[in-house]
Structures are given as structure tokens and as C-alpha cells.
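Trainee: Chain by chain, the residues:
2 protein chains.
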Amino acid sequence: MSNLETFSKANLSRDLFAISLDSSLKTPLQAQLLEALRGLISMSPDLVGARLPASRTLASELSISRTTVQAVYDQMISEGYLVTRQGSGTYVASEITHLSQPHPIPRDADPTTHAWRPFQTGLPDQTLLPHRQWARHLERAWRSPTPELLARPDPLGWHPLRAAISDHLAAWRHLSCDPGQVVITSGAREAFEVVFHGLLGAGKRVAIEDPCWPKLHTILTDTGNSAHPVRIDQDGLDVPRLPIGAHATIVTPSRHYPTGVSLPLPRRVALLDWARQTGAMVIEDDYDSEFRYRGQPLPSLSGLDGLNNTIYLGSFSKLVSPALRIGYLVVPKHMLQNTRTYLDHVGARASLIPQPALATFMNSGEFAMHLRRMRRVYARRQNHLLSALAPVSNLLKLQPDSSGMHLCVELRTALSNRMTDVEISKRADERGLRISALSEQCVLPRKIQGLLLGYAAFEEDIISNAADRLATIIQPPC
Amino acid sequence: MSNLETFSKANLSRDLFAISLDSSLKTPLQAQLLEALRGLISMSPDLVGARLPASRTLASELSISRTTVQAVYDQMISEGYLVTRQGSGTYVASEITHLSQPHPIPRDADPTTHAWRPFQTGLPDQTLLPHRQWARHLERAWRSPTPELLARPDPLGWHPLRAAISDHLAAWRHLSCDPGQVVITSGAREAFEVVFHGLLGAGKRVAIEDPCWPKLHTILTDTGNSAHPVRIDQDGLDVPRLPIGAHATIVTPSRHYPTGVSLPLPRRVALLDWARQTGAMVIEDDYDSEFRYRGQPLPSLSGLDGLNNTIYLGSFSKLVSPALRIGYLVVPKHMLQNTRTYLDHVGARASLIPQPALATFMNSGEFAMHLRRMRRVYARRQNHLLSALAPVSNLLKLQPDSSGMHLCVELRTALSNRMTDVEISKRADERGLRISALSEQCVLPRKIQGLLLGYAAFEEDIISNAADRLATIIQPPC
Chain A
1 MSNLETFSKA NLSRDLFAIS LDSSLKTPLQ AQLLEALRGL ISMSPDLVGA
51 RLPASRTLAS ELSISRTTVQ AVYDQMISEG YLVTRQGSGT YVASEITHLS
101 QPHPIPRDAD PTTHAWRPFQ TGLPDQTLLP HRQWARHLER AWRSPTPELL
151 ARPDPLGWHP LRAAISDHLA AWRHLSCDPG QVVITSGARE AFEVVFHGLL
201 GAGKRVAIED PCWPKLHTIL TDTGNSAHPV RIDQDGLDVP RLPIGAHATI
251 VTPSRHYPTG VSLPLPRRVA LLDWARQTGA MVIEDDYDSE FRYRGQPLPS
301 LSGLDGLNNT IYLGSFSKLV SPALRIGYLV VPKHMLQNTR TYLDHVGARA
351 SLIPQPALAT FMNSGEFAMH LRRMRRVYAR RQNHLLSALA PVSNLLKLQP
401 DSSGMHLCVE LRTALSNRMT DVEISKRADE RGLRISALSE QCVLPRKIQG
451 LLLGYAAFEE DIISNAADRL ATIIQPPC
Chain B
1 MSNLETFSKA NLSRDLFAIS LDSSLKTPLQ AQLLEALRGL ISMSPDLVGA
51 RLPASRTLAS ELSISRTTVQ AVYDQMISEG YLVTRQGSGT YVASEITHLS
101 QPHPIPRDAD PTTHAWRPFQ TGLPDQTLLP HRQWARHLER AWRSPTPELL
151 ARPDPLGWHP LRAAISDHLA AWRHLSCDPG QVVITSGARE AFEVVFHGLL
201 GAGKRVAIED PCWPKLHTIL TDTGNSAHPV RIDQDGLDVP RLPIGAHATI
251 VTPSRHYPTG VSLPLPRRVA LLDWARQTGA MVIEDDYDSE FRYRGQPLPS
301 LSGLDGLNNT IYLGSFSKLV SPALRIGYLV VPKHMLQNTR TYLDHVGARA
351 SLIPQPALAT FMNSGEFAMH LRRMRRVYAR RQNHLLSALA PVSNLLKLQP
401 DSSGMHLCVE LRTALSNRMT DVEISKRADE RGLRISALSE QCVLPRKIQG
451 LLLGYAAFEE DIISNAADRL ATIIQPPC
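So the sequences go chain by chain: A and B. Using the numbering used here, you'd call the opening residue of the first sequence number 1 and step up by one each time. Using the numbering used here, you'd call the opening residue of the second sequence number 1 and step up by one each time.
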């Protein structure tokens with residue numbers, strides 16, 4: 001208590017000494033000081049009970065007469081802002097706090113924030129992040145920031161983070177690139193904006209996989225391009241199906257979203273040949289391939305290409321936390337100048353605050369350790385989900401997936417004859433689950449009926465419970 | 001040293017125990033473990049010298065035979081990855097660190113980062129931020145984050161930050177609003193995108209001040225709107241000059257950018273009347289009015305309006321640091337639903353990482369204290385700049401400015417007869433200064449000749465030196 005009081009008192013004095021008064025103004029000094037002191041007190045509820053400096057001290061600090069200060073103190077005592085305590089000075093009154101709050105503000109809860117619901121996809125288990133270590137990286141980066149951190153920021157991002165990402169890609173994705181080719185963004189949407197506004201331009205015909213991440217359609221529309229969906233088969237995108245005259249294609253070769261199919265090497269080679277021959281760009285969206293549980297992952301498509309006709313997109317939303325809002329793209333060297341010109345024009349959007357912390361988190365090895373730990377946890381959760389759903393294996397095509405954070409489960413005929421995936425999704429929603437319908441991620445006819453079941457973010461007992469609820473929804477009435 | 005070794009050793013064991021092996025694969029377990037261990041070591045330079053777990057322990061953890069583990073250890077010893085020390089076990093060799101770097105990466109310096117140059121405008125003195133306090137807020141927010149911080153984020157921003165901003169606006173800008181009306185953005189550009197993409201739509205005729213912030217033109221073009229510059233006079237924007245049929249106007253009433261003129265009350269009232277009568281929106285860009293050194297600031301225009309026909313834009317780039325990339329807008333209640341729909345569609349871009357720290361920084365009173373301290377420092381620097389330029393007062397119209405972070409100094413005829421402001425800006429650039437020419441911020445004819453001299457971010461001796469350099473540039477040859 002006495003510490004608190006000293007602290008507040010020190011603040012108040014310092015603030016008072018910082019007041020700017022101007023004798024050349026028409027407003028008398030006394031009125032200026034009165035206004036300033038009133039403002040100070042009504043602005044800072046934490047000043048309640050703080051002692052004011054002696055009038056002599058304040059007068060000397062502000063180079064005004066002591067009479068002026070005393071007159072202001074007196075007036076504010078009469079107004080109830082200040083109180084005197086016999087023999088011990090003048091204090092900020094406790095009754096005036098309500099003046100500082102023109103309207104009551106609820107602080108504790110955000111009415112629009114909601115918990116994540118089971119089977120939500122694309123979500124890591126954020127509770128398992130090594131928060132103490134992460135917070136320490138943040139604190140160390142900013143407690144006495146290097147001059148570089150306070151210098152003119154590069155709109156392409158914090159260089160040591162770009163170097164750490166380049167290392168990570170070499171080690172995990174067999175993608176060799178210079179740190180200078182890595183561009184930090186505020187997420188996938190901005191990455192696509194850089195690609196389409198800054199590098200390829202509008203009016204492009206862009207082939208996309210069908211099914212695909214539904215937002216891709218709106219991103220392409222919003223950037224003034226047209227989307228040309230190409231139905232994938234059991235091996236993913238097939239080059240002969242690409243539309244003639246496409247300027248670019250967006251693919252998820254490591255793990256097709258949402259089905260989880262991995263594009264085999266011959267198709268990758270064919271895709272890169274197609275790009276070279278037609279001059280089209282291949283945009284590789286590599287959103288969670290670090291989470292591979294079995295088998296050797298294929299190198300990234302961009303690594304195979306050597307980043308000539310490919311642009312690589314990555315993100316930390318699934319590897320670390322969506323709170324970061326940090327994604328990145330890796331661009332071919334011949335596109336670097338245009339990338340810089342565009343980002344100089346529109347300005348960076350990614351906050352610099354997490355970037356140095358993320359760089360040291362990666363360089364310390366804690367990031368790789370976290371990924372490996374999550375890989376183990378997520379593998380266990382996938383197994384658990386498969387076991388929990390085993391009782392309804394007559395209705396759902398259950399198969400282990402060698403990677404990823406969700407299962408894409410097709411409906412068997414016994415189920416799809418009775419219900420659509422959209423109906424199941426709707427009923428699941430009513431029961432507190434968040435299940436995306438596979439058919440809603442397709443735009444071409446013959447939509448596949450299936451469910452996307454995110455398991456990464458949920459503990460085993462939640463998964464069991466959610467699987468039970470799903471079973472209740474899809475089981476035939478007795 | 002021994003602590004470090006224990007730590008690394010602990011990491012290595014933990015990582016090894018997390019390896020996923022799959023006996024159903026064609027690749028033998030031994031080859032899988034070899035590949036995994038090689039990857040682990042070449043990925044983490046900090047593992048050098050770490051001790052490997054005993055082969056018996058690892059075999060038990062991975063449920064494989066001890067012979068397999070020993071065979072892998074032996075092969076890696078022969079490859080030079082590992083070394084044995086007599087009687088004390090197996091260690092990661094120190095010679096292999098170079099293996100982890102497929103290409104040398106410069107880590108220390110970002111070749112494209114530059115120091116800020118004197119007279120740069122719009123820049124706070126970031127070295128004076130209470131970094132330790134700020135870093136502590138970051139650390140406290142994230143060391144064991146509340147469930148709300150890990151829940152589904154509101155695309156409108158972290159609610160306690162929105163509440164803190166609402167408090168700040170009530171106290172400093174006489175703007176009363178609900179926290180729910182405050183929308184966090186990644187900066188001014190995104191704020192304008194929300195306004196034009198999400199609320200007003202494209203194809204709008206937007207009146208802007210002339211001169212103005214040059215990026216406004218490109219933002220309006222990029223969002224599909226047309227800019228209609230209106231020449232300001234000595235009192236700022238005058239309503240009778242607004243173009244007929246304008247759908248919106250963007251103004252800087254507290255402190256016109258770049259001239260520093262404050263819009264008088266009668267003109268504010270007239271502007272709000274115009275908006276009410278025509279149904280147009282007034283967008284108030286209130287970018288640095290917290291830094292007022294003399295006189296009473298007028299309440300914000302949006303406060304006067306009660307946020308009916310006004311949208312308010314603010315930013316922390318100048319008040320705290322551009323590294324945050326945190327700005328905000330305050331929207332009328334009747335526009336909240338559209339704001340949410342738009343942000344649900346495009347997603348949030350502002351990082352969540354700085355938001356809880358900024359909220360507690362503001363609620364603790366440290367933010368207000370920082371602003372008051374900066375106000376005092378910047379006032380002193382402005383005075384210092386005026387004194388330092390006094391020798392060339394026959395060439396420049398020097399006048400104290402009651403607020404802001406830069407002086408807008410018009411050229412006297414004796415100077416403008418010899419040189420344009422653009423020439424001065426160019427020569428200043430060659431001498432390491434960053435002086436914007438006022439005429440380049442105008443698009444209408446009869447451009448005003450003047451210089452923008454940012455002083456906030458620079459210490460007195462740098463200001464003196466820069467003023468001397470400027471004097472050398474503009475003084476007539478002897």
C-alpha cells in the first residue's frame with residue numbers, strides 16, 4: 001500500500017512537472033494550470049489518493065508564482081477534486097473517480113469471444129505451446145531493443161526471421177532459398193494479395209483444385225482474377241485437366257486441402273513442366289506439412305523446381321499460433337524487385353512485435369522441438385479419433401491419414417442415402433460441434449459427401465465425447 | 001556450462017523420444033531412425049556436445065530393439081555425427097555444425113535496413129519508450145495466457161484493448177464511444193480499406209484536403225474510388241468549396257496534415273451540417289493530436305458529431321511505435337454490423353501478440369505518462385529547431401506550432417526566387433537529410449513552396465547539425 005502510494009505520488013508529480021504552460025496565450029496561467037490538473041486527474045483513476053507536490057515545488061518546476069499554484073489547489077479543493085489532510089498536504093480525492101468514466105465499461109469479458117468447438121479444422125492446440133519460453137523471447141527482444149529493431153523497418157519483414165525461415169525450409173521442406181527471398185506477411189490472405197496485386201496482376205485465369213479452401217474463391221474475386229476449379233482425383237491435381245490459357249495454378253501438393261492426398265512425384269514433375277512450357281506460375285500452399293506422422297515426406301514442389309516458376313506460401317498459424325498473424329511467402333529471385341516495389345507502395349501489415357521473438361524461438365531449436373512434440377500429440381489424437389469413431393465405421397470411410405490436423409471422412413452409401421454432409425454439419429452445429437461438409441468445399445458437380453474432422457486442438461476426452469455426439473447424429477433411428 | 005549441457009542433453013533426449021517410427025513402412029526401422037537422428041542433429045546447431053540417451057533407454061522409449069539403436073549410433077559415429085567419450089557415453093560431435101547450414105546465411109545485419117534520417121516526419125522517438133515496462137507487459141500477457149487469449153479471436157480486435165482505447169478517447173479526445181465501436185486494424189491503410197471496401201463501397205467521390213498525405217490518393221485509387229482535392233486556406237477545409245455530390249470527405253481537423261492548421265469550430269459545425277444534409281460521411285483522421293503543446297485542443301470532430309456521420313481513425317504508430325502496426329477506427333453504431341460482416345469475410349490482419357500488452361500498458365497509466373513525457377520532449381525539440389534555424393529566418397517563414405511532430409515551413413520569396421522546395425529536398429537528400437517538399441503534397445495548381453521538418457524523433461544535437469546542413473543548402477552563394 002505504501003509502495004503504491006509512493007508510486008502514484010511520483011507519477012503525479014512527474015506529470016505535473018511536464019505540463020506545458022504558455023504565458024503568451026490569452027488564457028491566464030492559472031486557468032491553464034487548472035484545466036491541465038483537472039484533465040490529469042480525471043484521466044487517471046489510478047491517481048486516487050496520490051499526494052500533490054508542495055505548491056512551492058510545483059511553482060518552481062513550472063516557473064510560475066506560488067500564489068497561482070495555491071489558487072488552483074484551492075479551487076480544486078472546493079470542486080472536490082482534491083482534499084487536504086491536516087498537516088500532511090494535498091491529495092487527490094477518492095470521490096472523483098466516477099468523473100473519469102463517462103460511461104461504465106465492461107472489462108472482463110468480450111461478449112463476442114467464443115471457445116473453439118470440437119472438430120474445428122486448421123487449429124493447433126495452443127495450450128501446448130511453451131508459453132513461458134515464448135513470453136521470454138518476447139520480453140528479451142523488446143526489453144532493450146537493438147538499434148536495428150528501431151530503425152526503418154524493411155516492408156519485407158525482420159531479416160533474422162526471414163533467415164530463420166530459410167533455415168527451417170532447408171531442413172524440413174528441402175527448399176533452398178536466400179533469406180532475402182522470404183517475405184513476411186500478416187497471413188495467407190495478404191500473401192495472396194502480394195502475389196496477385198504485386199506480382200501477377202489482375203485479370204488472370206487461375207486454376208484451383210476442387211475441392212479447395214473456400215476462401216480462395218473470394219480472394220481471387222477480390223483481387224480481380226477468375227477461379228477455374230479443376231476436379232482432383234485420388235492422386236490430386238492432374239495436369240491434363242488444367243484449363244488451356246491458365247496464367248497460374250494454386251496447389252497444395254504436400255497434403256491436398258481438404259482431402260489430405262499427396263501429389264505423387266510424376267505429377268509434380270508434369271506440373272513443373274507445364275509451368276515452364278506455358279509460362280504459368282505454380283503457387284504452392286504448404287499449410288501444415290510439418291505434421292507428418294508416417295513415411296518420408298516428398299520435398300516441397302518449390303524445392304523441386306528451385307523456385308523458378310513457383311511461389312511458396314507458408315504460415316505460423318498452424319505451427320505456432322493463429323494469434324501471431326504471421327505468414328510468409330518465398331518468391332523467385334526474378335520477382336524480388338516487384339515484391340519490394342509493391343510492399344513499399346502498400347506498406348507492411350505484419351506487426352514487428354512478434355517477429356524477433358519468433359526468430360529467436362526458431363534459432364534456439366525450441367520451435368523444432370515444439371513441432372516434433374505436436375507431431376507426436378496430434379498422431380495420438382488422430383488414432384484416438386479413429387478408435388472413437390470405430391462404432392460407426394459402417395457409415396463413415398475411416399482411414400488413418402499419414403499427416404495433417406484433420407481427417408477428411410467420406411460418407412458411406414448407407415449414410416449418404418439418408419443424410420447429406422450439409423445436414424450432418426447443421427445438426428452437429430446445433431450440438432456444439434463444428435464440422436465442415438466436404439461438399440461445401442467443392443464447386444463442380446458430383447460433389448463428394450464427406451466430413452472434415454479437426455482433431456489437433458482437442459484433448460482425447462473431448463474427442464471421445466464429440467465422436468459420441470457425431471455418432472448419435474448419424475446413426476439410423478432404432 | 002554444465003547447466004547448458006544438461007539442458008541440451010534434455011532437449012536431445014526429449015526430441016529423440018518424440019520420433020515417429022512406423023514398422024508398416026518398407027523403409028526398415030533402422031533406416032528410419034538413422035534419417036530422423038541425422039535430421040535432428042543437422043537441424044539444431046545448439047545440440048553440439050549434447051549427450052545421447054543410452055541405447056537401452058532410447059530403445060525402450062521407441063519400442064524397438066536395442067541392437068537397432070546401437071547400429072544407428074555406430075553408423076553415425078563412423079559418419080562423424082557422433083563421438084564416444086571413454087566411459088561416459090555418446091555425444092553429438094562438434095565438427096558437424098557446418099552440415100546444418102546448406103548455405104551461409106548472414107544473421108547480424110539486414111542489408112536493407114537503414115537508420116532514420118533527420119527531418120523524417122511522422123516518426124516518434126522510439127528510444128524514449130519505456131522498453132522495460134513494455135516488454136514486461138508483453139511477457140505478462142503471454143507467459144500463461146488467459147483462455148480468452150487462446151479462444152477464437154474477434155476479427156474486430158482484442159476487447160480489453162478496444163475498451164482501453166475507448167477510455168483514452170473519452171479522456172483525451174472528448175470522444176465518447178462504446179468499446180464495441182472500436183475496431184483494431186494493422187494501420188491506417190487497413191482502416192481505409194475497411195471504410196471503403198466494407199462500409200462505403202467502391203465508386204465513391206471522396207473529397208480530400210489539398211495538400212494532404214500523398215498515400216491517400218493511391219489508397220482511394222486502389223479501393224476503386226475517386227479523389228477530389230479541395231484547396232485548404234489558412235483555416236483549413238472550407239465547406240463551400242466541397243464538390244457537389246461528394247459521398248465522403250477525409251479531413252484532419254485537429255491538425256491539418258501537413259500544414260498543422262486546426263479547423264475552427266464554426267467550420268466544424270458547418271462540415272457536420274453538410275454531412276447531415278447530403279448524407280455524406282466525414283472521415284476524421286486524427287493522427288497525432290495528442291501532442292499539443294499550447295492552448296486547449298478542440299474536441300475531436302467525431303466527438304462533436306456523436307459519431308453519427310463521422311468515422312474516426314487513430315493509430316499507435318506515432319504515439320507508441322510504428323513496430324506495433326496497430327491502428328484503429330471508431331465507427332457509428334449503425335455501421336457495426338457491416339464492419340463485422342466485412343472483417344469476418346477478409347479476416348483480421350492485426351497481430352494479437354501486442355494487443356493485450358498494449359491494453360495493460362494503457363490501463364496502467366504508463367501510456368498516458370509516456371504521452372505527457374513525449375509532449376514535453378517534443379515541445380523542447382521544436383523550440384530547439386526554431387532556434388537552430390533562426391539564422392535563416394530571412395529565407396524561411398519560421399513560426400512556432402502549437403502541436404505536432406514536424407514544422408511546415410514556407411519558403412520566403414528571397415529563397416523561392418532562387419530554388420524550389422523540390423530542389424531543396426533533393427539536395428538535402430544528398431546530404432543525408434529527409435525533407436519532404438510541401439509542393440509535392442499538393443495536386444492543385446498554385447502549389448505552396450515549403451519544407452516539412454520532422455523534429456520529434458531527433459535529439460537536439462542532431463537537430464542543430466541538420467539545421468546547419470539545411471542552412472548551407474539554402475543560403476545564397478557568397
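Don't take every hint at face value.
As the list claims (entries may be wrong) - Computed cross-link-like contacts, DSBU-like style, restricted to lysine-lysine with a CA-CA straight-line distance of at most 35 angstroms:
| # | chain 1 | residue 1 | chain 2 | residue 2 |
| --- | --- | --- | --- | --- |
| 1 | B | 215 | B | 426 |
| 2 | A | 215 | A | 397 |
| 3 | A | 426 | A | 215 |
| 4 | A | 204 | B | 426 |
| 5 | B | 204 | A | 215 |
| 6 | A | 397 | A | 426 |
| 7 | A | 204 | B | 333 |
| 8 | A | 426 | A | 447 |
| 9 | B | 215 | A | 426 |
| 10 | B | 215 | A | 333 |
| 11 | A | 333 | B | 426 |
| 12 | B | 204 | B | 447 |
| 13 | B | 333 | B | 204 |
| 14 | B | 397 | A | 215 |
| 15 | A | 215 | A | 447 |
| 16 | B | 447 | B | 426 |
| 17 | B | 447 | B | 333 |
| 18 | B | 426 | A | 215 |
| 19 | B | 215 | B | 204 |
| 20 | B | 397 | B | 426 |
| 21 | B | 215 | B | 447 |
| 22 | B | 447 | B | 397 |
| 23 | A | 447 | A | 204 |
| 24 | A | 215 | A | 204 |
Calculated directly from the structure, the hints in this document are not laboratory data.
Trainee: Each of the hints needs a verdict: does it hold here or not?
Mentor: How the hints compare with the structure:
1. Using a Cα cut-off of 35 angstroms, the hinted pair residue 215 (chain B) and residue 426 (chain B) holds, with the two alpha carbons roughly 20 angstroms apart.
2. Of the pairs offered as hints, the one joining residue 215 (chain A) and residue 397 (chain A) holds, with about 26 angstroms between alpha carbons and a cut-off of 35 angstroms not exceeded.
3. Restraint check: the Cα-Cα separation between residue 426 (chain A) and residue 215 (chain A) comes to about 20 angstroms, which is no more than 35 angstroms; the hinted pair holds.
4. Between residue 204 (chain A) and residue 426 (chain B), the direct Cα distance comes to roughly 39 angstroms. Violation of the 35 angstroms bound is thereby established for this hinted pair.
5. For the suggested pair residue 204 (chain B) and residue 215 (chain A), the alpha carbons sit about 27 angstroms apart, so the restraint of at most 35 angstroms is met.
6. Restraint check for residue 397 (chain A) and residue 426 (chain A): the C-alpha separation of about 20 angstroms stays at or below 35 angstroms, so the hint holds.
7. Of the pairs offered as hints, the one joining residue 204 (chain A) and residue 333 (chain B) is violated, with about 38 angstroms between alpha carbons and a cut-off of 35 angstroms exceeded.
8. Of the supplied pair hints, the one linking residue 426 (chain A) and residue 447 (chain A) holds, its CA atoms being roughly 17 angstroms apart against a limit of 35 angstroms.
9. Taken as a hint, the residue 215 (chain B) and residue 426 (chain A) pair is broken in the structure, with Cα atoms around 46 angstroms apart against an allowance of 35 angstroms.
10. Using a Cα cut-off of 35 angstroms, the hinted pair residue 215 (chain B) and residue 333 (chain A) holds, with the two alpha carbons roughly 28 angstroms apart.
11. For a cut-off of 35 angstroms, the pair hint linking residue 333 (chain A) to residue 426 (chain B) stands: about 31 angstroms separates their Cα positions.
12. A distance of roughly 26 angstroms separates the Cα atoms of residue 204 (chain B) and residue 447 (chain B); the hinted pair therefore holds under the 35 angstroms criterion.
13. Pair hint residue 333 (chain B) plus residue 204 (chain B) holds up; C-alpha atoms about 21 angstroms apart against a cutoff of 35 angstroms.
14. Proposed proximity of residue 397 (chain B) and residue 215 (chain A) is contradicted: the alpha carbons are some 55 angstroms apart, above 35 angstroms.
15. A hinted pair counts as satisfied when its Cα atoms are at most 35 angstroms apart, and residue 215 (chain A) with residue 447 (chain A) qualifies at roughly 18 angstroms.
16. Note on residue 447 (chain B) and residue 426 (chain B): the hinted pairing holds, with a Cα-Cα distance of about 17 angstroms set against a maximum of 35 angstroms.
17. Proposed proximity of residue 447 (chain B) and residue 333 (chain B) is contradicted: the alpha carbons are some 39 angstroms apart, above 35 angstroms.
18. A distance of roughly 46 angstroms separates the Cα atoms of residue 426 (chain B) and residue 215 (chain A); the hinted pair therefore is violated under the 35 angstroms criterion.
19. Under the criterion of a C-alpha separation no larger than 35 angstroms, the hint pairing residue 215 (chain B) with residue 204 (chain B) is consistent with the structure, at around 17 angstroms.
20. Between the alpha carbons of residue 397 (chain B) and residue 426 (chain B) the distance comes to roughly 20 angstroms, so the proposed pair stays at or under 35 angstroms and holds.
21. Between the alpha carbons of residue 215 (chain B) and residue 447 (chain B) the distance comes to roughly 18 angstroms, so the proposed pair stays at or under 35 angstroms and holds.
22. Among the hinted pairs, residue 447 (chain B) with residue 397 (chain B) is consistent with the structure: their alpha-carbon atoms are about 16 angstroms apart, no more than 35 angstroms.
23. A distance of roughly 26 angstroms separates the Cα atoms of residue 447 (chain A) and residue 204 (chain A); the hinted pair therefore holds under the 35 angstroms criterion.
24. The straight-line distance between the Cα atoms of residue 215 (chain A) and residue 204 (chain A) is roughly 17 angstroms, inside the 35 angstroms bound, and the hint therefore holds.
Hints 4, 7, 9, 14, 17 and 18 from the list above are not met by this structure, while the remaining hints are.
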